[in-house]
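Enquirer: Let the sequences and hints guide you as you build the complete structure.
One letter stands for each residue in the lines below.
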Amino acid sequence: MAVKAPESNKVFHCQWRERSNEYLVTNDFGYFIRLKPAEFDRWTRGKMAKTDKCRSRLAERGFVRDCLNFEDLASKWKKRNTHMFLGPGLHILVMTLRCNHTCLYCQSGAVSAGSKKTDMPLEVAVKSVDTAFDSPRQSITIEFQGGEPLLNWEVLKQTVKYAREKEKRAGKELKLALVSNFALMDKAKADDLMSNEVSMCTSLDGPRRLHNRNRRWRAGASSYDVTVKWIKEFQKQHDSQSGRPRIFKPSALLTVSKYSMAYPSQIVDEYCRLGLDTIFIRPLSMIGYAAKLWDKIGYTPKEFVGFYRDALNYIVELNRKGRNIKEKTCQMILEKLFNFEDPGYLDLMCPCGASIGQLAYNYDGAIYTCDEARMLGWEGDGLFKVGNVSEDSYRHIMLNAATKACVVSSNLEQQPMCHRCAYKPYCGVCPVHNYASQKSIWGNMTANSRCEIFMGIFDAVFDILKKPSNEALLRKWTAKG
Amino acid sequence: MRNKKITEEVDSSLYSGEALNLAASIFYDEAEIKITAKSGYNKIDVGAAGNIFGEFLNEALNQQCRIDLAKKNSNISRIIVTRALLSALGEK
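Note that the protein sequences, when read in sequence, are chains A and B.
Here this note's numbering is used: the first residue of the first sequence is 1, the next is one more, and so on.
Here this note's numbering is used: the first residue of the second sequence is 1, the next is one more, and so on.
Just so you know, these hints were derived from the structure itself, not from any lab.
Accuracy of the hints is not assured; some may be wrong.
Below 30 Å or equal to it, Euclidean Cα-Cα: the simulated DSS-like pairs (lysine-lysine) are [said to hold, decoys possible]:
#1 A:K79 <-> B:K71
#2 B:K72 <-> A:K78
#3 B:K72 <-> A:K47
#4 A:K439 <-> B:K38
#5 A:K404 <-> B:K92
#6 B:K71 <-> A:K404
#7 A:K116 <-> A:K189
#8 B:K4 <-> A:K78
#9 A:K79 <-> B:K92
#10 A:K127 <-> B:K92
#11 A:K424 <-> B:K92
#12 A:K439 <-> B:K72
#13 A:K292 <-> B:K4
#14 A:K439 <-> B:K4
#15 A:K79 <-> B:K72
#16 A:K175 <-> B:K92
#17 B:K71 <-> A:K439
#18 B:K92 <-> A:K78
#19 B:K92 <-> A:K166
#20 B:K5 <-> A:K385
#21 B:K5 <-> A:K439
Expert: See below:
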């Protein structure tokens with residue numbers, strides 16, 4: 001809810017949420033404060049005395065109209081919204097739609113490993129890299145995805161080389177990342193990738209049985225075994241490195257299916273066992289293959305939030321015992337809350353990261369606002385296609401109607417529920433999800449599953465922070481260095 | 001099959017023609033919706049396979065709130081959108 005009080009009340013524009021006998025109040029600068037009902041009542045009625053201790057807490061956070069420190073508030077706002085001033089930083093190259101896995105929930109539109117028609121040709125990859133470098137952003141990330149990108153290894157290898165050369169010519173900072181199931185990884189490929197400072201990311205859905213149930217290798221072998229083997233190998237290489245080239249710690253993504261629901265602590269334990277220091281708990285996307293199988297592998301937003309809460313509570317307990325493991329979504333929310341930083345999380349941006357924060361380059365050169373949009377395109381709906389690397393300039397892509405539509409519709413100031421929501425300063429909507437699930441890029445947040453999930457995640461984070469000892473613990477997740 | 005037909009009249013001060021038409025566009029593949037502007041109200045004819053009239057009105061209300069909000073927040077919205085697009089283009 002939002003408060004618009006008369007001038008005499010001295011309440012500056014804010015949003016609030018009533019939960020568990022307290023009011024969580026936030027403002028657009030990113031400050032938050034918890035108020036007891038009596039305090040909230042005194043403040044909003046304009047009955048708070050200047051000597052009231054609560055008033056000074058409110059004033060220093062930009063909630064009192066006649067005590068605004070504009071310099072501080074403006075700098076906080078700008079810092080937390082850095083993405084609005086930089087241009088697209090993430091460039092996803094879909095090297096092939098072929099995949100050697102048939103994951104239950106795959107949204108990438110993977111085709112079988114034999115069909116090479118969906119491999120990205122080198123000239124398309126080169127033009128994609130050129131387009132990525134046309135972004136005004138000084139630091140860009142090129143992420144190689146699929147399908148399984150290693151199935152198009154020769155092109156991937158040449159593209160990495162070309163991108164590194166281009167980096168030198170352009171004078172920009174380039175990060176390269178590979179998202180792979182590691183099934184086709186071997187020493188030669190690993191050495192080549194590491195020598196070019198490519199960071200490695202894979203999918204790990206938990207212990208062997210659960211992982212293999214969600215992620216099936218077409219060959220019939222254990223996906224878990226090969227994934228874990230290479231996580232350990234890249235960990236070893238990371239731990240024993242000596243300077244250049246930098247070898248990055250491998251990371252893994254968790255996709256939660258219905259089968260994961262009963263195992264929050266076991267999944268976290270698996271990540272710990274492998275020495276991974278971050279777990280990124282992500283819900284299934286209702287786009288693509290998963291949508292068709294929703295009755296079998298899906299769940300309600302409430303069920304996901306319950307899982308998330310259990311996992312997060314368990315992670316906090318592990319941290320209390322000295323174990324170093326963080327949950328990624330929570331960590332990025334904490335960056336916004338405590339450091340007023342923009343962690344670059346494209347899902348929680350206003351406007352969203354579609355086109356202005358990221359671009360997805362399909363194997364055929366078609367460019368989409370994001371990877372989810374690319375998936376919709378593969379299903380035959382090209383609404384979010386913004387250009388083609390062979391035909392369109394970077395400027396054309398940014399001036400495309402789909403780019404503009406995404407920016408306008410994901411602006412929370414124009415979203416009826418969001419503009420009054422206490423989590424507005426930290427949240428974001430997804431026009432592609434809205435369109436896929438509610439047939440309108442604007443969506444309707446009163447019945448939006450993504451909104452319900454993020455609302456639940458924010459509630460879980462703020463509930464955990466309520467306990468001072470938890471807050472002290474979680475602040476360490478955002479510490480630099 | 002558009003076998004269920006419903007005709008209702010709604011107050012145009014609550015549900016503007018613009019909001020009703022926007023909502024109708026979202027239900028284009030589920031229903032035949034005809035909106036006729038009358039003095040002080042809008043007449044809605046819905047033909048659909050199921051009972052979607054309630055959902056349609058919910059969506060119309062959502063669109064109406066969005067239209068009202070756009071009028072109220074148009075300045076700040078324009079600044080945010082323009083800034084984001086100009087930055088992505090590399091223009092100051």
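Enquirer: Hints the structure violates: just list their numbers, smallest first.
Expert: Of the numbered hints given earlier, those the structure breaks are 8 and 20, listed in rising order.
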